[in-house]
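Each chain, written out:
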Amino acid sequence: MTQYTIRRILYSIPVLIGILIVTFVIARSIPGDPCKAMLGEKATAEVCARFNKEQGLDKPIPVQFWIYMKDIARGDFGESIRYSRPVTIILIERLPTTIELGLIALVLAVLIGIPLGVVSAVRRNSIIDVITMLIANVGVSMPVYWLGLMLSYVFALVFLDTPLWLPPSGRLTAGIIPTPFYEQFGWQAVEGTFRYHFLEFFSNMYILNSLLTREWDVLWDAARHLVLPSLALSTIPLSIIARMTRSSMLEVLRQDYIRTARAKGLREWLVILKHAFRNALLPITTIIGLQLGRLFAGAVLTESIFGLAGVGRMLFEAITARDFPIVQAFTVVIAVGYVAANLLVDLSYAFIDPRIKLD
Amino acid sequence: MSTELNELQQKTQRDYRSNSLFWVTLRSIVRQRSAIIGGSILIFLVLVAIFAPVIAPYDPEEVLIGKEDIRKRESPCIHLLGCPEDQPQHILGVDGNVRDVFSRVIFGTRVSLFIGFSTVGFAIIVGTLLGAIGGYVGGWVDNLIMRVMDVLLAFPSLLLAIAIVTVLGRGLQNALLAIAIVSIPRYARVIRGSVLSIKEQEFVSASRALGGGNLHILFRRILPNAIPPLIVQGTLGIGAAILEAAALSFLGLGAQPPTPEWGTMLGSERNQVFTAPHLVFYPGLAIMITVLAFNLLGDGLRDAIDPRLKE
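Residue numbers (the numbering used here), protein chains in the order written: chain A, 1 to 359; chain B, 360 to 670.
Please note that the accuracy of each hint is not assured.
Which stretches of chain A does chain B cover? Using the computed rule of at least three CB atoms under 8 Å from a CB of chain B, they are [what the hints assert, rightly or not]:
#, segment
1, 9–18
2, 134–140
3, 148–155
4, 221–230
5, 299–308
6, 326–340
If you're looking for bench data, these hints aren't it; they were derived computationally from the structure. Ideal Cβ positions, reconstructed from N, Cα and C, are used throughout, including at glycine.
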């Protein structure tokens, strides 16, 4: 197992280097002069020369790549051209929003998708099955941004002045300011230090933070703001997970050992949960892992519709503004996260199915 | 006697024909409910695309200011449903530039179907070549090709497409190219897998023993047998490509106005969702129905072609 894990991690290295190369090439091939993009069309050649020198853009491309690799190895992603701030700091500010949104969407998708899939398979061709599969088919075919806009129309306008009203944008209502949990705990953190950014990272996840500080009004407000975006973001993964669970369960329920389990008089729910579901879990896990990439891509659209200052929206803005350092850093982080998620899925196979020996 | 023999011969021939792979597959496709529904919607959409100029009451890019007494973002007006006869009929309303939304949605069918077929067609051709070469040749060539594919797959496809479009420049053509590039790995993997298993089969050895060259074996013996899973992937891929192209257009990177593209229509009116929801609702519905058609057809095809998955 350990050996397999190490080998699997080593296999990821060429892919990671590939990711770095692709991101670097893409960021450098974005047409247009970053100097003019940042300082305006009227920037003189002299000003631009100084700007390029400061940003290291005057060095040959291979040298730039080498510097870039060395910096990344140290966790330094450089400074944003547009904001003149370290990219790592911006990343720490933006990631919590996306992680919170993505995690809640994923949890929703798993908690609703799997039971729906199991019930559909067990009650095959029943009305529940037909309706679930209809919803799942429609769900995977829906543009995320369209669903998001429609949800905000229904919940923010049609249900205006009713208890069902939900906020269509932002993370908190204006005026509600959460206390960072570390301040409430009396932990000292000097602004600018690693400790500060580390603690700030977690306190920027408002749900987690308000649970820790027991500010229930903040929790309620933050949760209400997250309902629509996470619902929109979870639809496609939910549909895919429900479909996969159903077909995987159907496959398993046909097996002889299920008949044996029933024949020996086991209660039906035990047969379904212990004998069928556990064996159907493998393809479901794979598909859940694959959804992570989809969630990140969906975050670009969801965040821009619901006015959330997350990684996805930032990346999109940075690409259009030719802010190389942000594009590079954010793409690398997303791609590495994706590779890591798939690695975890691969390793979890042995845990889910002990027959799989990873060697 | 001879007539009987003739009849028998004809019957055998008929049986042979009706039992060929094509007919067996077609019969089992027809038996699949989802394939029938998906296929029917698709035929309907193709007809809409072909007869768009006949169906649409207006030119999709025609601005109606000064031609009709109508304000911008006017709600739908259908005479049959009680809209006053003296008002011009716009069954899905008019948009922010005073253009007939129904005509634009109808013409959008052409754009979307074109997007779906062209991107997937391109991706399949390139993906097949790469996957087939990798699978057949093996060794470092295979390794190199598949590692590049792994890297491409390591990016969420929409993000990579956004980045590629930014490099190439905005516009429908570049968006199509970006989506095609992003979907190549999917087909390369499918084909490589099939080629790997087929190349070990006896008929391939037989062909080699008969003196068949590598190109002949790969393109005439192996690839035709590797096509079925590709059809399924391709059909499902068209749905995905249409969704992604619409997303790019929605973000302003794909088709540019005034092209009647559904994603562009949605994107340019997204801020009006509270005041004129019909401008957002109908283009999105059109995207959903089209993607649904391809997904249903793809699912049905998979069940029909891969008997192992038949329920």
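Do the hints match the structure? See the list:
{"no.": "1", "hint": "9–18", "verdict": "holds (count 3)"}
{"no.": "2", "hint": "134–140", "verdict": "holds (count 3)"}
{"no.": "3", "hint": "148–155", "verdict": "holds (count 4)"}
{"no.": "4", "hint": "221–230", "verdict": "violated (count 0)"}
{"no.": "5", "hint": "299–308", "verdict": "holds (count 4)"}
{"no.": "6", "hint": "326–340", "verdict": "holds (count 6)"}
The structure shown violates just one earlier hint, number 4.
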